[in-house]
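Novice: Chain residues, written in single-letter form:
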Amino acid sequence: MGWLMALEQSGLGEAMRGSSFLYPLANVAHILGLVVFAGAVAIMDARLLGAFATLPLPPFVARWRRLAMAAFALQVTSGVMLFSAEATAITGNPVFRLKLLLIAIGLANVALFEFVTRPRVSRWQPGAPPPAAARIFGALSLGVWLATAAAGRLIAYF
Amino acid sequence: MALKRTLMVGAAAVLAAAPVLAHHGWGSYDAATPFTITGPMKHVTYEYPHVHVMVDHEGKTWEITLAPPSRMEARQAIIAVVKPGKVIAAYGYASKQKPAEMRAERITIDGKTYEMR
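Each protein sequence line maps, in turn, to chains A and V.
Residue numbers for the first sequence follow the working numbering, so the first one is 1 and each next one is one higher.
Residue numbers for the second sequence follow the working numbering, so the first one is 1 and each next one is one higher.
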């Protein structure tokens with residue numbers, strides 16, 4: 001895979017390996033980004049599972065999704081930085097591949113929410129118990145993103 | 001209160017898992033059979049995330065994984081010490097996945113021993 005080698009040998013890859021602070025910095029950013037991302041996602045999922053039931057759903061999701069997207073952007077940035085240091089070796093790591101698959105599922109799940117879940121729960125009134133579509137989506141989202149975080153941590157062990 | 005109990009159970013689970021998680025990245029190495037590789041360093045990559053040195057051992061060139069550069073420096077195993085041509089004695093474990101790769105527990109160069117954990 002030529003582009004992996006090119007990424008590894010790029011200025012970014014070299015800086016990540018050679019700089020005394022970039023790799024630890026990206027590592028710390030990736031952890032802090034995870035904390036914010038997982039927090040924002042979990043609070044939206046909790047709402048779909050029936051918590052904070054009196055708060056109207058659309059503004060609730062709109063507000064927390066902005067934070068989740070900002071944190072996701074930080075995760076992609078710091079993740080590419082860490083990946084560039086050893087792109088060819090990491091690509092062969094089975095847990096890294098699993099993590100990419102989980103991210104793809106997580107993002108597909110967001111699309112599912114927009115196009116399937118949201119229309120189905122449009123008449124869900126604040127205070128009422130969550131419809132099945134909301135509960136299924138919330139549980140799936142929480143599970144997939146927590147599994148993504150776990151897979152990320154486990155890359156170093158395989 | 002249910003929340004309090006949930007938090008306590010969660011904290012207990014995390015504490016129970018801590019000893020396992022503390023051994024960062026050592027799980028895929030055969031810790032039951034440590035051995036020592038001694039020889040001149042043919043090649044050194046003093047880079048993140050881990051420093052690597054190449055040393056010939058029993059007819060094969062072994063890749064020895066050391067600590068991250070920041071930890072190496074903190075323990076005075078600086079780039080001027082871990083230098084190609086110098087003799088290294090690396091005590092560690094063979095990888096269970098990658099042939100001819102060792103994770104070093106400690107290294108000795110010029111009579112001085114440096115811990116890698």
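Simulated from the structure, these hints should not be mistaken for lab results.
Accuracy of the hints is not assured; some may be wrong.
[What the hints assert, rightly or not] Computed beta-carbon distance windows for the label pairs:
| hint | chain 1 | residue 1 | chain 2 | residue 2 | range |
| --- | --- | --- | --- | --- | --- |
| 1 | A | L101 | V | P84 | 22 to 28 Å |
| 2 | A | P24 | V | A80 | 19 to 25 Å |
| 3 | A | I31 | V | G39 | 48 to 54 Å |
| 4 | A | A62 | V | I79 | 47 to 53 Å |
| 5 | A | G18 | V | G39 | 55 to 61 Å |
| 6 | A | L101 | V | E73 | 33 to 39 Å |
| 7 | V | T108 | A | V76 | 40 to 46 Å |
[Claimed, not checked] Okay, derived cross-link-like pairs now, SDA-like style, lysine to any residue, Cα gap no bigger than 20 Å in a straight line:
| hint | chain 1 | residue 1 | chain 2 | residue 2 |
| --- | --- | --- | --- | --- |
| 8 | V | K98 | A | L154 |
| 9 | V | K96 | A | G18 |
| 10 | V | K96 | A | A89 |
| 11 | V | K96 | A | P94 |
| 12 | V | K83 | A | G18 |
| 13 | V | K42 | A | I155 |
| 14 | V | K98 | A | G18 |
A virtual CB, placed ideally from N, CA and C, is assigned to each residue, including glycine.
Novice: Would you pick out the hints that fail for this structure and give their numbers low to high?
Specialist: 1, 3, 5, 9, 13, 14
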